[in-house]
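Visitor: Here is what each chain is made of, one letter per residue.
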Amino acid sequence: ETGVTQTPRHLVMGMTNKKSLKCEQHLGHNAMSWYKQSAKKPLELMFVYSLEERVENNSVPSRFSPECPNSSHLFLHLHTLQPEDSALYLCASSLGGNTEAFFGQGTRLTVV
Amino acid sequence: AQSVTQPDIHITVSEGASLELRCNYSYGATPYLFWYVQSPGQGLQLLLKYFSGDTLVQGIKGFEAEFKRSQSSFNLRKPSVHWSDAAEYFCAVGDPSSGDKLTFGTGTRLAVRP
Chain A
203 ETGVTQTPRH LVMGMTNKKS LKCEQHLGHN AMSWYKQSAK KPLELMFVYS LEERVENNSV
263 PSRFSPECPN SSHLFLHLHT LQPEDSALYL CASSLGGNTE AFFGQGTRLT VV
Chain B
18 AQSVTQPDIH ITVSEGASLE LRCNYSYGAT PYLFWYVQSP GQGLQLLLKY FSGDTLVQGI
78 KGFEAEFKRS QSSFNLRKPS VHWSDAAEYF CAVGDPSSGD KLTFGTGTRL AVRP
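Chain order of the listed sequences is A and B. Residues in the first sequence are numbered from 203 upward in steps of one, following my numbering. Residues in the second sequence are numbered from 18 upward in steps of one, following my numbering.
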């Protein structure tokens, strides 16, 4: 248990659906990130929020929309996804300044 | 841009044998370096990290890693592997100037033979 909780753990959605992934941490961290983990590819950083402001957006398609309402919560809103978006989506939090990142257990997303 | 190479995709060792997982990085200065482990269906757990100072870093579960600037390497070692060490291991680089951004290698999957 790392203190970072992701829900749901598994999600199957159609290409026309809209869904959201949730990440929550109560570690007192001020930076939260989304990573995408696909088979046989390195973890890809998608978005970074520091002090609730987006500081990194790694050319992610607009069908992925992050939201950080406060320093403890991070969402990833999904709409009109493609099958190639199926992956494990990991949330991480840290104190910032390249201190160690604590990861959640991930959401296994399948787009059908 | 920083990058990380883990040249070994799969490694199999016998229980009790020693282990070394390779990691090479590309970065203009001294980066922050991390090793994470991922068990099936789980997130990533930090094993150890290097920011500065002593180049031999001790981590959890009996792991250690050595930063070698001349070789741009940060190899992970364990003197005696346990069956529970079977997992996937990821090396990561952090850019001290950009903050909160980690670049990961493709991972090495470790199997442990009884």
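One thing to keep in mind: the hints can contain errors.
Derived DMTMM-like pairs: lysine to aspartate or glutamate, alpha-carbon spacing no greater than 25 Å straight-line [said to hold, decoys possible]:
(1) 78(B) with 269(A)
(2) 66(B) with 258(A)
(3) 238(A) with 71(B)
(4) 243(A) with 71(B)
(5) 242(A) with 25(B)
(6) 78(B) with 254(A)
(7) 118(B) with 287(A)
(8) 66(B) with 287(A)
(9) 242(A) with 37(B)
(10) 238(A) with 25(B)
(11) 118(B) with 302(A)
(12) 78(B) with 286(A)
(13) 242(A) with 102(B)
(14) 118(B) with 226(A)
(15) 85(B) with 302(A)
(16) 118(B) with 254(A)
(17) 243(A) with 32(B)
(18) 118(B) with 269(A)
(19) 242(A) with 71(B)
(20) 243(A) with 105(B)
(21) 238(A) with 105(B)
(22) 118(B) with 286(A)
(23) 243(A) with 25(B)
Hint data in this document are derived by calculation from the structure and do not stem from the laboratory.
Visitor: All hints are to be evaluated individually against the structure, with a verdict given for each.
Guide: Evaluated hints:
1. 78(B) with 269(A): violated, 36 Å
2. 66(B) with 258(A): holds, 23 Å
3. 238(A) with 71(B): Status violated; Cα separation ~33 Å.
4. 243(A) with 71(B): Violated - the C-alpha atoms of residue 71(B) and residue 243(A) are around 32 Å apart, more than 25 Å.
5. 242(A) with 25(B): holds, 12 Å
6. 78(B) with 254(A): violated, 34 Å
7. 118(B) with 287(A): Holds: residue 118(B) and residue 287(A) sit about 21 Å apart, inside 25 Å.
8. 66(B) with 287(A): Status violated; Cα separation ~31 Å.
9. 242(A) with 37(B): Holds. Residue 242(A) to residue 37(B) sits at ~21 Å (cutoff 25 Å).
10. 238(A) with 25(B): It holds: about 21 Å lies between the C-alpha atoms, which stays within 25 Å.
11. 118(B) with 302(A): holds, 10 Å
12. 78(B) with 286(A): violated, 36 Å
13. 242(A) with 102(B): Given pair residue 242(A), residue 102(B) holds - Cα atoms ~20 Å apart, limit 25 Å.
14. 118(B) with 226(A): Holds: residue 118(B) and residue 226(A) sit about 19 Å apart, inside 25 Å.
15. 85(B) with 302(A): holds, 20 Å
16. 118(B) with 254(A): Given pair residue 118(B), residue 254(A) holds - Cα atoms ~15 Å apart, limit 25 Å.
17. 243(A) with 32(B): violated, 28 Å
18. 118(B) with 269(A): Satisfied, since the Cα-Cα distance of roughly 18 Å is no more than 25 Å.
19. 242(A) with 71(B): Measuring from Cα to Cα gives roughly 33 Å; hence the hint is violated.
20. 243(A) with 105(B): holds, 13 Å
21. 238(A) with 105(B): holds, 16 Å
22. 118(B) with 286(A): Since the Cα atoms of residue 118(B) and residue 286(A) sit roughly 24 Å apart, the hinted pair holds (cutoff 25 Å).
23. 243(A) with 25(B): Measuring from Cα to Cα gives roughly 14 Å; hence the hint holds.
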